[in-house]
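If you want the building blocks of each chain, they are given just below.
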Amino acid sequence: MMLIYFFDGLAFGGLGLAAYLQLHQGSDLPLRKNLKWLAAFGFVCGLTSWIDMFLVSSGTEENLLDVLRILGMIFRPLTGVFLLRFGWGILKEIPFPPWTIFIPGVLIVPLAYVITYALTTFITPSPVEIPIDIWSRYLLYLPGSIMAGIGFMRQWRMQRKNGLADVANLMLGAGLAFLFEAFIVGLVIPAAPYAPGSYYNYNRVINNAFSGEGSVSMFSGFTTLLDYQRVLEITGLPIQFWRMLSSFAVTFFVVRGLGVFEARRKMQLISLKDERDRAQETAFNAQIAARQTAERWTEVLVTINSRIMELNDVDAILLFIIKNARELLASDFIGLALINDDQSRLELKCYAIKDTAALVELPVVVKTPLILETIKTTRSFHTSGDEPFASLENAMYSMDTPARSVGIVCLELDNRPIGALWVARSAGMLYTNTDLVWLECMADQVVIALQHALMTSQLQSLSITEERSRIAREMHDGLAQVLGYLNLQVQTLDALLKQGKQEALAVELEQMRKAIKVANADVRENILSLRTTLANEKGLVSAIGEYLEEFGIQARIETHFTNEVENNLRLSSIAEVQLVCILQEALANVRKHARANLVSVLVTRKKREESEYIYLQIADNGIGLLKYDSKRHFGLTTMKERASSVGGNLDVLSAAGKGTMVECWLPCLEPDRMKKSQAIFSN
Amino acid sequence: MNIREWTLPVYTILTQLSVGALFVIWVIRALNSAKFGSEKTDQTIKIPILILFTTAIAAITFAHFHLSRPYLSFLALRNLKSSWLSRELLANLIYIIFLGLLLISLWLVKVRHKVNTVLGWLAILSGFIIDYCMSRIYLLPSQPAWNSLLTPASFLVTTFLLGVLTVPVLFTMDLIFKKSQGQDGQAIHAQLIDQSLGRLAVIAATLCILMATIVYFQIASLFSGNAAAQISLNLLLNIYQPLLIIRLALLFIGVGWLGFVAAKHHQKKLAAESLFLQVLIACLLVMVAEILGRFLFFAIHVRIGI
Chain L
1 MMLIYFFDGL AFGGLGLAAY LQLHQGSDLP LRKNLKWLAA FGFVCGLTSW IDMFLVSSGT
61 EENLLDVLRI LGMIFRPLTG VFLLRFGWGI LKEIPFPPWT IFIPGVLIVP LAYVITYALT
121 TFITPSPVEI PIDIWSRYLL YLPGSIMAGI GFMRQWRMQR KNGLADVANL MLGAGLAFLF
181 EAFIVGLVIP AAPYAPGSYY NYNRVINNAF SGEGSVSMFS GFTTLLDYQR VLEITGLPIQ
241 FWRMLSSFAV TFFVVRGLGV FEARRKMQLI SLKDERDRAQ ETAFNAQIAA RQTAERWTEV
301 LVTINSRIME LNDVDAILLF IIKNARELLA SDFIGLALIN DDQSRLELKC YAIKDTAALV
361 ELPVVVKTPL ILETIKTTRS FHTSGDEPFA SLENAMYSMD TPARSVGIVC LELDNRPIGA
421 LWVARSAGML YTNTDLVWLE CMADQVVIAL QHALMTSQLQ SLSITEERSR IAREMHDGLA
481 QVLGYLNLQV QTLDALLKQG KQEALAVELE QMRKAIKVAN ADVRENILSL RTTLANEKGL
541 VSAIGEYLEE FGIQARIETH FTNEVENNLR LSSIAEVQLV CILQEALANV RKHARANLVS
601 VLVTRKKREE SEYIYLQIAD NGIGLLKYDS KRHFGLTTMK ERASSVGGNL DVLSAAGKGT
661 MVECWLPCLE PDRMKKSQAI FSN
Chain H
1 MNIREWTLPV YTILTQLSVG ALFVIWVIRA LNSAKFGSEK TDQTIKIPIL ILFTTAIAAI
61 TFAHFHLSRP YLSFLALRNL KSSWLSRELL ANLIYIIFLG LLLISLWLVK VRHKVNTVLG
121 WLAILSGFII DYCMSRIYLL PSQPAWNSLL TPASFLVTTF LLGVLTVPVL FTMDLIFKKS
181 QGQDGQAIHA QLIDQSLGRL AVIAATLCIL MATIVYFQIA SLFSGNAAAQ ISLNLLLNIY
241 QPLLIIRLAL LFIGVGWLGF VAAKHHQKKL AAESLFLQVL IACLLVMVAE ILGRFLFFAI
301 HVRIGI
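In the order they appear, the protein sequences are chains L and H. Under our numbering, think of the first position of the first sequence as 1, with each following residue one higher. Under our numbering, think of the first position of the second sequence as 1, with each following residue one higher.
Simulated from the structure, these hints should not be mistaken for lab results. Hints are not guaranteed to be accurate.
Claimed, not checked - Okay, derived cross-link-like pairs now, DSS-like style, lysine-lysine, Cα gap no bigger than 30 Å in a straight line: (1) H:K269 to L:K92; (2) L:K323 to L:K514; (3) L:K273 to L:K33; (4) H:K179 to L:K33; (5) H:K40 to H:K269; (6) L:K161 to H:K268; (7) L:K323 to L:K354; (8) L:K498 to L:K517; (9) H:K264 to H:K179; (10) L:K92 to H:K264; (11) H:K114 to H:K46; (12) H:K179 to L:K92; (13) L:K266 to L:K92; (14) H:K179 to H:K81; (15) L:K517 to L:K658; (16) L:K367 to L:K273; (17) L:K161 to L:K266; (18) H:K268 to L:K92; (19) L:K92 to H:K35; (20) H:K40 to H:K264; (21) H:K46 to H:K179.
Claimed, not checked - Chain L residues, not near chain H, derived (Cβ > 12 Å throughout): (22) L10; (23) K33; (24) E62; (25) P97; (26) S271; (27) A294; (28) E295; (29) S469; (30) I516; (31) L528; (32) S542; (33) K606; (34) V646.
Unchecked claim - Incomplete in silico selection of chain H near chain L, CB under 8 Å: (35) V169; (36) L170; (37) M173; (38) F177; (39) S180; (40) Q181.
Quick caveat: nothing in here was measured; it's all calculated off a predicted structure. Just so it is clear, CB atoms sit at the ideal spot from N, CA and C, and this is done for glycine as well.
Next comes chain L alone, as it looks inside the complex (with noise of 0.2 Å):
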């Protein structure tokens, strides 16, 4: 008996120590905030097998006996409190279902009737050890027990979800361990008159008094086990053996069980790992979306760059833009607002849907509280979801859903609103912060081809204007001339016709012939400046050629043409036209002033100061300028204003007798904006 005793010690001891260490290895698991129970537990529950040990000893002092009972007395009790604590604590780390609520109202009931029935089996008269003994069995160890066989059971279950199949086994050995220590240890008490364990007694006596010695007891049944002699007469082994049995098995499992924590510190970290790499995973996956978005962009507002300075259709360009930033920022809708021009309201401009971008016809006035608000404040702004629907309303135009989720950018031309660009959303994520960055772009775009539109329809203007006081001055110092000359010449042939003069008549009409004949040369040459463009297909080298030689036959003035480049001057389209005014003006000049009878025309190119120019150079063989005056020459300062405004310059070199050559210098473009100058050219 005293090797049962030290043996169950011993387990329940082993068990504590065990509790006890891994209860310094850290873990998020339940188990662990209730292990200092169960080390407590084990501890005690040893300690009171080794002093039954001595207890059972025959050699153990009297003295040493009685201190020895009163420590079981205070142990037992303990003991049964420290597993009721683990088994509470280990039963309700996993939530309840929601039934289990009415336990605590229905064990109510026997809960108060096994408390009384404690109550007066403490008036009965036994020696005190029995009665804690048993209360501490029925009372403590029984539901600790029992919570704890559950508990375990259900920590089985949950690391069977949780994948970890071995432990949960051992999970489950410990759960039974425990309700067969409930009952090993719970139920069997020493034979005293408590219920359960007494009630096979009693049933027995009862039994026998009416029916007889030998019957058999309608009660009989596993009450019929629930004391100590019992016990040794059917298994033929006292209840020690049992309990020692039982506490090998509960710190085998336990013990066992315990490797949940190394178990579940190596799935957290393989769990870590694989999170790990999804997260890298996630990262690369989400900066190659975030290249492939960014490339996207950026190759829509090449393009639209690209539109902008072929000086495409300003409509086009805009339809361009809202239907990429749509399709990019994967909206339902997205529209085009400008002020009007009195600055009364906002109307839409144009607007794009799925598969549709559309310019509006009919004036639409936006009113949608919130896209006034941006244009108010110029400050974009993205709906968080929080935003009343009043607020949103009527910002997808020509949809039936409403709005739930809005990005607004205000396009602002020197500071100034101008109007707004929005895109919406019926359903799905709500705009960020990078998608507004995105949309700011592309109102920039819009912006930019606005300016473009506007700057170009004011550089026609102005050409216009510019070509009709040259017109003007020519007339001016031509035609004009020649018809005022011609009135004073009629008046003088009315007077010499009424005074007879036949010879004068006939001198002042072979002048007028004369100043008639100059005035039609003039006009010719108008006309023909007039009529030679730079819409020329041969390209304008080809368009010189071509005006020289007419204007060789008309002024009667030989030409020389020699050119030094390809077809392809590289000058941009403004330059371009200055060259061919220049030329005109200069041959202009040679005709009227020079007295010229040979004219020699160089195009060629040539570097200065490591810039590429093409070089025109208009020579005479005439009289040459006796004078430079600015007031006179009108024709050069406007031919050296011409040069400047493309960042040229023009010289005139000239001695008396000795002809004119006018030096023209004209920066060339470098090659790869060439192309685009071509293309506003052929515009």
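Given chain L, work out where chain H should sit, using these hints.
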């Protein structure tokens, strides 16, 4: 008292608890049906009635353990003319039948509110008849400790006391369940608890004083009684004195605790479901006190003659 006799306190206490709680619930239902609507009020008492029905069944089942031949218990019905035990058993069967019908009408078959009302009052009436029959069994001239009007009075007070203490437990428990399930009627349930807790605490305090008075008169009655009564008194004031003290102490502590909980709840306006553990403790203490009282009732009887 041996284990077999323990079935008597189990049966009597559980039956009285069931009857008392049903009475309290029915009074609360009657007072609130107009305010919350009869259908919604009935929804709040479905689970409590189910538990009370189960309690009544458990009580009668435990009563069989008192018998040597439980399978012959129906034979007790043969002596209705002469035996209070037979009448008690009959009343118990009627109580269970009415309670069962009420349960069916609440859970399975929708009937008119008035029908439920009638069924409930009939069940309560039969419950009080059980109480009366139960007490009449013990009014025996040969048992001075039992043979007085104090016996039915104490049984009746126990019935009310257990009912008053049990109903808050049933209501809060049911409310927590309803909340966990997201069921309708939580607000009404909470209001019923809020409104009734204070009143129940006051009633419990009154009953507690009444019970103490009965105990006092019981002791006084025994004191002036015959030899058998003196022996009973001697048992009560000597061997069982600690239990008597514990019984009265637990009764006052339990009822006092309920009063404290009700006052705190009234002051701080706590959530009704947070009261569960507190009213459960109060109920447990009073239940232990009443079982102890019933134990003492059985333990101190001394028969005159053989």
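Sort out which numbered hints this structure fails and list those numbers smallest first.
-> Result: hints 2, 6, 14, 16, 19, 25 break, sorted rising.
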